[in-house]
Structures are given as structure tokens and as C-alpha cells.
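Please model the complete structure; the sequences and the hints are all you need to start from.
Chains as they are written, first to last, in this note's numbering: chain A, 92 to 332; chain B, 338 to 586; chain C, 31 to 267.
Source of the hints: derived by calculation from the structure; they are not laboratory data.
Don't take every hint at face value.
Calculated from the model, a selection of chain B residues having no Cβ within reach of chain C, i.e. all distances over 12 Å [unchecked claim]: (1) LEU395; (2) THR430; (3) PRO432; (4) LEU470; (5) LEU561; (6) LEU570.
Covered by chain B, according to a simulated footprint, are these stretches of chain C (three or more residues, beta-carbon under 8 Å) [unchecked claim]: (7) 112-121; (8) 152-158.
All values reported here derive from a predicted model rather than from experimental measurement.
All C-beta atoms, glycine included, are put in the ideal place defined by N, C-alpha and C.
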Amino acid sequence: MIEIRDLIKVNVTAFFRRPVNLGLIVFGIPSVIYGFYVFMRALPDFIFPEISAEMGAATGTLFAVVFLVGLVGLFQIISSLEADRRLSLSGFSMQNILIGRFLGIFIISTIISALSLGVMSYWVFAESYSRAFLVLTLSGFMYGMIGVLIGSSVPKELEASLILIFLADLDVFLGTGVLDFESAVVEYFPLHSPSILLRNAVLNGHLDNSHLLVLGVYILVFLYFSSLAFKKASSDEEGWF
Amino acid sequence: MVLKGLDGFKTLTEHYFKQIFRSRLLVVLMFFLPLYFIVTMNVVHPERPIMIPIGDVLAMGILSDLATMTVVTVVVSLLCGVFGFFIIKESRTDPRLKIVGFSDFEILGSKLLLLSGVVLFTTAFSFLVMFYLTIPENITWFLIGVLLAGANYSFIGVLAGFFLNKLPGMYLMLFMPTLDLMLFQSPMVDRDLIGEWVKYLPGHNPMRIVLRASLGLDQEIRILLYSLFFLALLFAITFIVFYTKIKTK
Amino acid sequence: MVFPLIRKSDYTGIDDNKKSGCVKDGRTPDKSRGITKTYRSKIPYFGRDEEVLRGVDFQVSEANIVGIVGENGSGKSTLMKILAGVMKPDSGLVERNGRIGWCPQEKLLYDRLTVDETFTLFGIGYDMKRWEIGRNKEKLADKFGFEDYLDYQVDKLSEGVKQKVNLSIALMHDPDLLLLDEPYEGFDWNTYLKFWDVTEELLESEKSIVVISHFVNERERFDSIYELYGGLLTKEK
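Right, dumping it as C-alpha cells:
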């Protein structure tokens, strides 16, 4: 337990210790949320009759959080793989290192979600802030796992970043319903259920159990595969690619 | 400062190219990412007619075609921006090259040449992918618009590479082209509600060229001139920042 | 725009690397006086300033091999970067005569280029002709025993072989002054001995060598040894 606590502390402080990361939270997240808010506000009503400017801000908040936590997962893994291997030789078990890393990402997700929700509340009043916070944290964590999966499988920063960027971009625009289209395939995008859950949390304060279940399943699936990928990467210097 | 002539310049560019593109995965991604993004956006958008306000006129287009053409611009800008960022991030060996005898101009010039190649390639390939799905009314102007957007964002990526770490840099290089090109420059938004400030974003003029070319409308030469001016300004800023950074401290 | 926070230096002048050295009599390929360097925090009033060099005087004569030792973090690599011209001192004067070969502690190589391509790149930088590059590359590869790895990408090499390449890049253009930062890190015993053979040959052709290490074995191989401590350089007796 003490090991895991130490590892969590290292992972979390490593992120918040850098001034540019704090700058990102202060400037980057509000810019994204405001951007989505302004976009939705400027669209004629007939384009998205069900999605208001406020919902645009909520979607922007979701995107801002998940992509940041996804990047954290990705870059932490790539930069720390060798150090983690070394840590395992000094006595930490690989399992504890993994748990420490994942819990660290979870805590980063909670902090970023809380801050983002605070920014969002400037434009949007949520019927249930606690439920909105829960959705954001879990969604952020899910993307953190996606980041870990990509980073472990492709331990090269340029390539891994490109994969995450293109995945996240498409996921947001198709999975969350920002763009108008008709296709069943979008229900399988990772952000589809979180976007519906967040909208409900903001609009009426309720969470749909079926979508919550879907989000939970996605988290477990990505947790499983990212653990496998991390284990493989930490024992094999070259990763999958 | 010693200039080695073309040989030094050519050698540097060739070696930078090898350094970056020897990654097979990266080469695969250069092909796969535009393909997957453009095709997906085309498939999920319905083929229904839509009236688009362009300036003072209302033009009719097909939603899936317009979405595809917009996405080509976004894809090129994303890729070029990320490349620009990483080209600078991979610069730790540059001081050694300077000691060895390469000049600042040769080092910067080689990187910019490589980046130009990336802009050209991503534009050409994305256009080819799009060509199977839809064809803009005016191909030449369409390509000009996409190239300008890609070039703008490649310089922005370079500037971000000088000042930001990888995490915030990647955050910026995702959101800036996405918000700018996909959202703020969308022809559907009400300009009065969004504000005049979007005119100053890097994607504004290139996107106007792209949309007009997509719909077969006449181009305004002043938009092209504004775009070129903006590009020249970005180039100048990049040059100054690079020169300041690479100078021995 | 970010403005550098380092105060305007009052150094009196730096001669840039002179490629075709104007080597004077009583020759001193490298002479430095009053070198100071402080690493300042990037944000004013936050973080620590670190004064690393507090007035270093240093000189190496022709056909001399000098060692600089010091604890970790004492500023050895900083001093070497200033001597090589990679970094500017806050104050002081550095004079360099002749060609410089710098072998940094961090292997500043392009990891996806092959060893062959690395030699070509740096050789062109040194203004060497292609045949000269080929000849010197073969000679050094044979000397240090990495001839089997010439078509390997740098990231596929072991750390020891990488260091051989790192050192060879500094030697390939027949420099007058060699600045070596932890040059034998990762070397096997045979390569370590070959390194000293090469230094003997260089000294016989009146080259000068500065070796930085956090410890120096075989003190008799050096003409003099300096210790960097508290930002100052003192000659060991």
C-alpha cells in the first residue's frame, strides 16, 4: 500500500509540477470550452435543434478533459517505461507500478475534471454537479487508459500522438453528436455514452443506467488491454512497434 | 558563419528526412490517418443538399461533399502542425551540427524544406483520397486553400515546438486546427454571433478559398493576398524565433 | 514572446571556432580567462539561480593532455560546452585556435541514421571531401572495432558502440584540439586501451586533448590535472 501511495504521489506531482501544464489547465481548457460554447451559440437553431450553446460548452468540457488525460496517460508511459523497468528491479512489483500509474491517472482525471467543471459552470448551470463530475472523471480515466494503451504499444511520441489525436478528434465529432449525421456505428465510439450521460447530468440531473454501464464496460476493456500492453512494454524494450 | 553551399544543405535535408521517416509506423500513419478520417467523415454524413451562406450569396452543396472537403483541410493542418512541432522537438543534436560547421541558415532551411515536403505530401495524398469520394468544382483553388492552411499550421507547430513541452504542445496542435477549421470557419455559423475575431485565425482565409472552390464560386484575389501575407508573417516570426533560439547562449 | 532572463553578458569577446586555425607560436589551442556562468531560473523570483563557474582560467598547450575532474554537478560539462563554443559564458574570454573536436557526454547523434550516414553528415559539416570521410571512417572503425556496424542504425547499437561512434565523430576531421566529456563511458577494456593509443598518436602529432571525467585513472597519462570545485579550477599538484 505504501508503495502504491508513493507511486501515485510521484505520478501526480510529475504532472502538476510543470508550469506549462498548469498553464495548459488555466488557458487551454477554458479556451476549448469557450470555443465550443461560442460555436454552438453561433449556429442557427435549425442545424441542431436539440443542442444548445450550453450543451456545446458541456461537450467542449468533455473533449477538453478526455484529451488532456489521454495525453497524460500517453506521455507518462512513454517517458517512464525505462524508469519503471528500473523501479521494478529496485523492489517495486510491476503490478504495484501499474496500479500506482493507473491510480495516478485517475487522480489527475479527478482534479482536471473538477477544474473544468468549475470553468464550465461560468456558461452552464448543471442540474447535478456531482453527477457531471463523476461522468467527466470516468471519461477522462477511460481516455487515460487509451493513452496508456497507445503509449505502451507505440512507444514513440510522434506516432503515438498522431494516433491519439486522430482517434480523439473523430470520437468527439462523431461520438458526441456535435456533427449531424445518421449512422449506427457512432454508438460504438468511446465518447458516445459519456456525452449522453453528461448532457443528462447537466440538463436534468439524472444518469441513464444503460449508458453508465456502457461507460463502465469500456473502462474495464481499456483497463484490461492497457494493462496487457504495459506489461508487454515493460518487459520488452521495443514495444509492439 | 560558413555556408557549405548546396551540398551541405542537401546533406542536412536528406539526413533529417531519414531521421524522421525511417519509422515504418510513421509512414503507415501518414497514409492511414488521412484515409480513415476522410472516408469516415464522408460515410457518416448524409448526401443531402444544403444551402450554405458564402459571403453575400447562398450556395447549394451536398452535405457529405462539403464535410469531406472541410475535413481534408483539417487533416492536412493537423498532420502538418504536429510535424512542425516535432521537427523542433527533435533538435537536441543541432548544437553539435553548429560546432561541426553547419550554419543556422542551413539547419533552419533544411527543416523548413522537409516541412514543406510534408505539407505537399499530405495535401496531395488527402486530395487523392477525397478524389474517389468527391471532386471540388475548382481543383486548383481547392488545393491552394488546403496548402495554405497546412503551411500556416506547420509554422504554428514549429513555433509551439520552441515554447511548449510535448503535452501542452500536442494539446494545442489538436485543438487549434480543430476549433479553427471545423468550428469557427464553418460556413453555417452566424458571423455576428461568433465575433469578428475569427477572421484573424490562421484557417480563416484558406477555408474561404476551400469553400468557394468546393462550390464553384468565384475566388476573391484579396483573400489569396491576405492568406499569403499571413503566411509570410508566420514565416518571418518563425525565422526570427528560430534564429534567436539557435544562437549560442 | 519569451524574453531571455539571463542578464546581458559583459564578456569581452568570443572567437568563434576557427576552421583553418591560425595557430600561433608557443601555441595554445585553447585559452580561457575569467569564465563565469550562472544558470538562472526561467521565471523571475521563482526557482533557484545556480552559479556554476565563478571565474575559471584555463589553458591547454599544444601536444598536451589535460584532465579536468570534479564531483557530479560541479560544472565540468558546462565548462566543456563553453570551451567548445556550444554555450556562451556570462563573462570572460575564450580563445580557440585550430579545429575543434567535441565529444559530448550525452551522445548527440541521430538515432535513425546509420553509422555510415552519421559519418557522412558530420564529415560534410566539417568540410571534408567524400573520399576523406570514407578513409577516416574506415580508419576509425577499424581502430575502435565497429566496422561490422557501419550499416546499423544508431538506435540499434549497444551503448558502448554508440560511444565509439560518438568519439569517432569528434576525431574524424583530425582536430587540433579535442574536447572529450566522459569519453570512455561504456568502453570495454580493449577499447579503453585503444583510446589511449589514439591519444598517444594525437599527442605525437602535436594535438591537444582535454578530458573531463568525474574520476581519472592513470594520472601519469596526463600532463596536468585540474579540479573544478566551488566554481573554480585549481591545478592538482
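Hints versus structure:
At roughly 43 Å from the closest C-beta of chain C, the C-beta of B:LEU395 stays outside 12 Å, upholding its exclusion from the interface. Not every C-beta of chain C lies more than 12 Å from that of B:THR430, the closest at about 4 Å, which undercuts listing it as non-interface. B:PRO432, annotated as away from the interface, has a beta carbon of chain C within 12 Å; the closest lies near 5 Å. Listed as a non-interface residue, B:LEU470 keeps its Cβ farther than 12 Å from every Cβ of chain C; the least gap is roughly 35 Å.
With a closest Cβ-Cβ approach of about 29 Å to chain C, B:LEU561 is found to remain outside the 12 Å limit, as its non-interface label requires. Every Cβ of chain C is farther than 12 Å from the Cβ of B:LEU570; the closest lies at roughly 14 Å, confirming the non-interface assignment. For a cut-off of 8 Å, the count of residues in the region 112-121 of chain C with a CB near a CB of chain B stands at 5, and the three-residue condition holds. For the region 152-158 of chain C, the assignment as covered by chain B holds, since 5 residues bring a beta-carbon within under 8 Å of that chain's beta-carbons and 3 suffice.
Checked against the numbered hints above, the structure violates hints 2, 3; every other hint is satisfied.
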